[in-house]
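Peer 1: Quick note, the sequence shown lines up with residues 1 to 130 if you use UniProt numbering.
The set of hints was computed from the structure by calculation and includes no laboratory data.
Errors might be hidden in some of the hints.
[Said to hold, decoys possible] Pair by pair, the computed Cβ-Cβ distance ranges are: (1) T108 to P130: 35 to 41 Å; (2) E76 to E129: 47 to 53 Å; (3) A74 to Y95: 52 to 58 Å; (4) V64 to K109: 30 to 36 Å; (5) D99 to L127: 36 to 42 Å; (6) P97 to R70: 43 to 49 Å; (7) E94 to A74: 29 to 35 Å; (8) P98 to E129: 51 to 57 Å; (9) R121 to M72: 39 to 45 Å; (10) R102 to P62: 46 to 52 Å; (11) K65 to L92: 35 to 41 Å; (12) E78 to L113: 35 to 41 Å.
[Said to hold, decoys possible] Result set (DSSO-like, lysine-lysine): computed pairs, CA atoms no more than 27 Å apart in a straight line: (13) K79 to K65; (14) K79 to K109; (15) K61 to K73; (16) K69 to K79.
Quick reminder that beta carbons are idealized off the backbone N, C-alpha and C, glycines included.
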Amino acid sequence: LAQQTYTSGVSSRWHWSGEERAFGGAHECSSASESFDSACSSPSSPALSGRTRSRASAQQKPRVKMSVKRRMKASEREKLRMRSLAEALHQLREYLPPDYSRRGQPLTKIQTLTYTIRYIRELSSILQEP
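With the hints as extra help, turn the sequences into a complete structure.
Peer 2: Have a look at this one:
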């Protein structure tokens, strides 16, 4: 009974009549002082400091949902990018001498790039010899 009395008191103070207003709806006040008081104590407009407000917004950034079509296009672009990279690495492996390849196993991306750099340095040093 005490909880119900408190709740009805708060509701009347904020001019809420549960079913008539949607949550977070506009406030109507009969006087300027009542308007100021109710606006300051209204749950729809909490009195937060700028620091608290920025912290709250940093924690609850609204995630913008990407449309299905846009996500599919992005996925397709990523697949094409990965295929292009795989093809380039395959071509690069073909230019490396057999000494650099492991027996029966393809080189990893990092190994391919490392061995290519090493091979280019060796070729450059040969070209610089008199």
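Peer 1: Next, verify each hint and record whether it holds.
Peer 2: Now for the hints, and whether the structure bears them out:
For T108 paired with P130, a C-beta distance near 37 Å keeps the hint of 35 to 41 Å intact. In this structure, E76 and E129 meet the distance hint of 47 to 53 Å, their C-beta atoms being roughly 49 Å apart. Between A74 and Y95 the beta carbons are some 32 Å apart, a value that contradicts the proposed interval 52 to 58 Å. In this structure the hint that V64 and K109 lie 30 to 36 Å apart at CB holds, the actual value being about 33 Å.
Separation of D99 from L127 is about 19 Å and departs from the stated range, judged on CB atoms against 36 to 42 Å. For the pair P97 and R70, the supplied restraint of 43 to 49 Å holds, since their beta-carbon distance comes to about 45 Å. In this structure, E94 and A74 meet the distance hint of 29 to 35 Å, their C-beta atoms being roughly 31 Å apart. Our hint of 51 to 57 Å for P98 and E129 is violated, since their Cβ atoms are close to 23 Å apart.
At about 43 Å, the beta-carbon gap between R121 and M72 stays in the expected band of 39 to 45 Å. Take R102 and P62: their Cβ atoms lie about 50 Å apart, and the range 46 to 52 Å holds. Distance hint check: the CB atoms of K65 and L92 are about 39 Å apart, consistent with the given range 35 to 41 Å. For the pair E78 and L113, the beta carbons lie near 21 Å from each other, so the given range of 35 to 41 Å is not met.
Our distance criterion of 27 Å between C-alpha atoms is met by K79 and K65, whose separation comes to about 21 Å. At roughly 17 Å between alpha-carbon atoms, K79 and K109 fall within 27 Å of each other, so this suggested pair holds. Restraint check for K61 and K73: the C-alpha separation of about 25 Å stays at or below 27 Å, so the hint holds. Among the hinted pairs, K69 with K79 is consistent with the structure: their alpha-carbon atoms are about 15 Å apart, no more than 27 Å.
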